[in-house]
Amino acid sequence: MLGRRTPRRGGDEIMIDVSESQGVRKLHFGADDTQSAMRISDPNEMILSYSRCMFGYLLFTDQPKTALLIGLGGGSIAKWVHHKLVDTKLTCAELHPQVISVARSMFCLPPDDDRLEVLCTDGAAYVYNMPEDSSDLIMMDAYSATGIAEPLATVDFFNACKQRLTNNGVLAVNLWGADRRFNHYLERLGEVFEGRVLCLPARQKGNVIAFAFRCGQSNPTWDKLAERAKLLETQLGLEFPEFVSDLARMNPHNDRKLFI
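1 is the number of the first residue of the sequence shown in UniProt numbering; add one for each residue after it.
In short, the hints are calculated from the structure, not lab data.
These numbers were taken from a predicted model, which means no experiment stands behind them.
Using N, Cα and C, we set each Cβ at its ideal position, and we do this for glycine too.
Watch out, some of these pointers could steer you wrong.
What the hints assert, rightly or not - Derived pair list, reagent style DSS-like, types lysine-lysine, alpha-carbon separation capped at 27 Å:
no., residue 1, residue 2
1, Lys224, Lys65
2, Lys257, Lys230
3, Lys84, Lys205
4, Lys65, Lys89
What the hints assert, rightly or not - Derived Cβ-Cβ restraints for the label pairs, each shown as a range:
no., residue 1, residue 2, range
5, Asp33, Glu187, 22 to 32 Å
6, Ser218, Ser105, 37 to 47 Å
7, Ile40, Asp255, 41 to 51 Å
8, Gly23, Asn129, 34 to 44 Å
9, Thr121, His253, 33 to 43 Å
10, Pro151, Ser49, 22 to 32 Å
Modelling step: build the complete structure from the supplied sequences, incorporating the hints.
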């Protein structure tokens, strides 16, 4: 195994470790679990299942025209959006400059262009300064060993996200199922989004992606979801049929419909 550590600099709050083994390069924040992983032979592949689950919202909505990602990590999600969702303009808000530097120098994150903008900024502050109704999708991948930073987990912040979403917009939040605050996060999301929240558990480790919808989704039938999942799997190469099956594990439903 090869390892590389970027030094702590004044004002930084994290230590970044990079490891490499069997053709896979990984990003770690200090002693935390793997934050991001890249197959060197295929840099745009999303290796970690939770990152693929972040796109389960596509079962319910069209591909976004505008999207915001809070928390860059190694850039797996950003690279996949840039590579696969060619009609999407993605903005990434990352607090730590070294994370951006490492994502670009060691994880093949492409330079900014007309579809990708990476900003070194506080994600919460960025959302509060966004125009209302300006984003089809907001993704939060800012989870760490200590949970979500409090400014990114308050009712006020979730309400700000809701107001910045377009009418059929979605907030996707990466959570850790074993976190003692997991239910508190879901309660806050449910309060703000009036119960329009779905949980998609990742099959790898304990990540759970919470999708909060600005408007209702008309309680889609399992048949329609399965049909859309097959189409999306063909188009985008992710395991959407598995996402449909896994939605039944944590959300209200009957044998015909998913209630959302």
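Right, here's what the structure says about each hint:
For the hint linking Lys224 to Lys65, the alpha-carbon distance of about 23 Å falls within 27 Å, and the restraint holds. The hinted pair formed by Lys257 and Lys230 meets the criterion: a straight-line CA distance of about 18 Å does not exceed 27 Å. Restraint check for Lys84 and Lys205: the C-alpha separation of about 25 Å stays at or below 27 Å, so the hint holds. For a cut-off of 27 Å, the pair hint linking Lys65 to Lys89 stands: about 6 Å separates their Cα positions.
Range check, Asp33 to Glu187: Cβ separation about 25 Å, and the 22 to 32 Å hint holds. Distance hint check for Ser218 and Ser105: the Cβ-Cβ separation is about 46 Å, which falls inside the suggested range of 37 to 47 Å. Remark: the range hint 41 to 51 Å for Ile40 to Asp255 is upheld by a beta-carbon distance near 45 Å. For the hinted restraint 34 to 44 Å between Gly23 and Asn129, the CB-CB distance of approximately 41 Å keeps it satisfied.
Taken as a hint, the range 33 to 43 Å holds for the pair Thr121 and His253, whose Cβ atoms sit roughly 39 Å apart. Take Pro151 and Ser49: their Cβ atoms lie about 27 Å apart, and the range 22 to 32 Å holds.
Consistency with the previously given hints is maintained throughout, with no hint failing.
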